[in-house]
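There are 2 protein chains.
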Amino acid sequence: MKAQILHQFGPPENFQLSDIPEPLLIPGHVLIRVRATSVNQVDCKIRSGAVAAIAPDFPAVLHGDVAGVITAVAADVTDFVPGDEVYGCAGGLKGSGGALAELMLADARLIAKKPVSLSMREAAALPLVSITAWEALFVKNHLTAQHKVLIHGGAGGVGHIGVQLARWCGANVSTTVRQPEDFAVVTAFGADQVINANEESVEQYVARITDGQGFDLVFDTVGGANLDKSMQAARINGAVVAIAARSTHDLSPMHSKSLTLSVVFMLIPILKNLGRAAHGDILKQIAAIVDEGKLKPLIDPHHFTLETVSEAHALLESGKAHGKVVITVS
Amino acid sequence: MKAQILHQFGPPENFQLSDIPEPLLIPGHVLIRVRATSVNQVDCKIRSGAVAAIAPDFPAVLHGDVAGVITAVAADVTDFVPGDEVYGCAGGLKGSGGALAELMLADARLIAKKPVSLSMREAAALPLVSITAWEALFVKNHLTAQHKVLIHGGAGGVGHIGVQLARWCGANVSTTVRQPEDFAVVTAFGADQVINANEESVEQYVARITDGQGFDLVFDTVGGANLDKSMQAARINGAVVAIAARSTHDLSPMHSKSLTLSVVFMLIPILKNLGRAAHGDILKQIAAIVDEGKLKPLIDPHHFTLETVSEAHALLESGKAHGKVVITVS
Numbered sequence: 001m002k003a004q005i006l007h008q009f010g011p012p013e014n015f016q017l018s019d020i021p022e023p024l025l026i027p028g029h030v031l032i033r034v035r036a037t038s039v040n041q042v043d044c045k046i047r048s049g050a051v052a053a054i055a056p057d058f059p060a061v062l063h064g065d066v067a068g069v070i071t072a073v074a075a076d077v078t079d080f081v082p083g084d085e086v087y088g089c090a091g092g093l094k095g096s097g098g099a100l101a102e103l104m105l106a107d108a109r110l111i112a113k114k115p116v117s118l119s120m121r122e123a124a125a126l127p128l129v130s131i132t133a134w135e136a137l138f139v140k141n142h143l144t145a146q147h148k149v150l151i152h153g154g155a156g157g158v159g160h161i162g163v164q165l166a167r168w169c170g171a172n173v174s175t176t177v178r179q180p181e182d183f184a185v186v187t188a189f190g191a192d193q194v195i196n197a198n199e200e201s202v203e204q205y206v207a208r209i210t211d212g213q214g215f216d217l218v219f220d221t222v223g224g225a226n227l228d229k230s231m232q233a234a235r236i237n238g239a240v241v242a243i244a245a246r247s248t249h250d251l252s253p254m255h256s257k258s259l260t261l262s263v264v265f266m267l268i269p270i271l272k273n274l275g276r277a278a279h280g281d282i283l284k285q286i287a288a289i290v291d292e293g294k295l296k297p298l299i300d301p302h303h304f305t306l307e308t309v310s311e312a313h314a315l316l317e318s319g320k321a322h323g324k325v326v327i328t329v330s
Numbered sequence: 331m332k333a334q335i336l337h338q339f340g341p342p343e344n345f346q347l348s349d350i351p352e353p354l355l356i357p358g359h360v361l362i363r364v365r366a367t368s369v370n371q372v373d374c375k376i377r378s379g380a381v382a383a384i385a386p387d388f389p390a391v392l393h394g395d396v397a398g399v400i401t402a403v404a405a406d407v408t409d410f411v412p413g414d415e416v417y418g419c420a421g422g423l424k425g426s427g428g429a430l431a432e433l434m435l436a437d438a439r440l441i442a443k444k445p446v447s448l449s450m451r452e453a454a455a456l457p458l459v460s461i462t463a464w465e466a467l468f469v470k471n472h473l474t475a476q477h478k479v480l481i482h483g484g485a486g487g488v489g490h491i492g493v494q495l496a497r498w499c500g501a502n503v504s505t506t507v508r509q510p511e512d513f514a515v516v517t518a519f520g521a522d523q524v525i526n527a528n529e530e531s532v533e534q535y536v537a538r539i540t541d542g543q544g545f546d547l548v549f550d551t552v553g554g555a556n557l558d559k560s561m562q563a564a565r566i567n568g569a570v571v572a573i574a575a576r577s578t579h580d581l582s583p584m585h586s587k588s589l590t591l592s593v594v595f596m597l598i599p600i601l602k603n604l605g606r607a608a609h610g611d612i613l614k615q616i617a618a619i620v621d622e623g624k625l626k627p628l629i630d631p632h633h634f635t636l637e638t639v640s641e642a643h644a645l646l647e648s649g650k651a652h653g654k655v656v657i658t659v660s
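Protein sequences appear in the order of chains R and Z. Each residue of the first sequence is one higher than the last, beginning at 1 in my numbering. Each residue of the second sequence is one higher than the last, beginning at 331 in my numbering.
Keep in mind that the hints were calculated from the coordinates and are not lab data. A couple of the hints might just be wrong.
[What the hints assert, rightly or not] As a list, the in silico DSS-like pairs of lysine-lysine whose alpha-carbon atoms are at most 30 Å apart:
id, chain 1, residue 1, chain 2, residue 2
1, Z, K602, R, K229
2, R, K45, Z, K587
3, R, K257, Z, K332
4, Z, K587, R, K272
5, Z, K626, R, K229
6, Z, K559, Z, K650
7, R, K45, R, K272
8, R, K296, R, K229
9, Z, K424, R, K229
These numbers come from a predicted model, not from an experiment.
If we strip away everything but chain R, and leave its shape as in the complex, we get (with noise of 0.2 Å):
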């Protein structure tokens, strides 16, 4: 089968197009035939050896966003047959197969049928930031009606799926963005409030929004340096929660507000082999809310195949791409 293959990190341009063999099914898993695939950040570091720790052995396919058609199933497999249409992240990490190549060998219970209302190439946008925004919100989090959350980085990836999630579950909504183009992406994406992080200072958008006292829960898609403006919007008692923790922080302001901090690294049930069965059930969630039309992916318009994954990976760091950078493989 055609697969774009890593031996060894770097640029975009190491990626080989090749012929490499079938992947052979193991119990518990699919093999699922890859009409589309997206790229993540995740795979971006994977690829460039910034996060070797995690990434596949050499000759490596990459990707762990897919949506296809199953082609076979495993024998002890119950919830799926060949011929259903599935969506899951389910690889690209070290020990699982990747989506960057014809077929995917995936763990049967890291994917779900993909939402009817969706193309492929929409679908392939959603497991990876769908995920991580639910686990955020509604795992690590118990998000209501009754709060006020503040998303940095609405207009990103996982941010633009965290802003529509959070009013799909009836809370009051305020995002970050700093292009004057996005704007009018989060507010058409159900933003009640949106901030030009560039103009206004976390004291300034408190008071506005929140009378002063902070927001319940800071949804943080940005980390770094902004995790500190995180613990000063939120709230006495309130949470914060990061998808990017590894750098050095002053805890002083958690513990004048006896805050709590959250971190959700979404890959662990796929590098650990611990609770996948959870992701497969998020999944159906976020199916049946798309079908309900309450969420939908936002897709950069430009078009890559199996042929141009170099020009995506470079698309997505340039970070210019506008949506998520999504590739038809077959």
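Could you slot chain Z onto chain R? The hints should help.
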């Protein structure tokens, strides 16, 4: 009335036994004839000037923990009548009355009837440490009999209450100590596993007690660099709760294990007049658990009176107290 008064921050000798006017009753409050008070670390920090922002104005009456008898209630207070024996952590901070005096003005929402099975001295040892431990285990977290909890500093003021409350709810309790004589103390309080933190590494005791998986919850009553050890000892998707988190930390372990970190700053309801009724409710539950024989304070054998408050502070700051340092006031 007699009171120990502080006119400026500094060493324990700064206390001055004085005669000051009795406090005036205000709405929502009661007057308590103070029988006993206990010394908490925060009282020493307030006295020294280390946390001047939360200190009462000079001339200052310090100490929040109190046990005593109600002498008067405001017209709008319905839960108490004169003669009630009560306990609570009700002041010693900016804007509130203090317990180092014969009479203390206290918000009725912050106090509860004292456990009938305890002396006034024993009851005065409990409020701050038991509310802190309760909030850490049962408000910020939801510890149950299904969990393995690690309590750092199980022989300390908050720690020895934490060990007993964790046992009370049926959890499996491990605790660290540093003094050989503390092994017997924490074992008597019900610890299932005792760790000598001077001799066993985090990796070693996580392997011994949790088969390398890590603890469901780590309650860090020590703070500082110990918080890094707490993150190290938590399991994937586990939680850490701290009561002193003003320092700077690398959050990478939180990322790699999808951890949750909560901080309890128990004084917020007093300082901010926010959620005070929760403290009275917790103290009611604590009194019931005490009277069931499931919780008791560890009291240092030295006796102090209102005349010897300086010596009581010096003992706590020496690190040589064995249990809570209690002062008999009247």
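Under the criterion that the straight-line Cα-Cα distance not exceed 30 Å, is the pair K587/Z, K272/R satisfied? It holds: about 10 Å lies between the C-alpha atoms, which stays within 30 Å.
Hinted pair, alpha-carbon criterion (30 Å max): K424/Z, K229/R. Please report holds or violated. The given pair, whose Cα atoms are some 28 Å apart, holds under the 30 Å limit.
Please verify whether K602/Z and K229/R have alpha carbons no more than 30 Å apart. holds (22 Å)
Straight-line Cα separation of K45/R and K587/Z no greater than 30 Å? holds (19 Å)
Are K626/Z and K229/R close enough, with their CA atoms no more than 30 Å apart? Cα-Cα ~42 Å, so violated.
Are the Cα atoms of K45/R and K272/R separated by 30 Å or less? holds (19 Å)
Holds or violated: are the alpha carbons of K257/R and K332/Z at most 30 Å from each other? violated (35 Å)
Mind checking the alpha carbons of K296/R and K229/R for me, to see if they're no more than 30 Å apart? With Cα atoms ~28 Å apart, K296/R and K229/R stay inside 30 Å; holds.
Take a quick look at whether K559/Z and K650/Z sit within 30 Å of each other, Cα to Cα. It holds: about 25 Å lies between the C-alpha atoms, which stays within 30 Å.
Checked against the numbered hints above, the structure breaks hints 3 and 5 and satisfies the rest.
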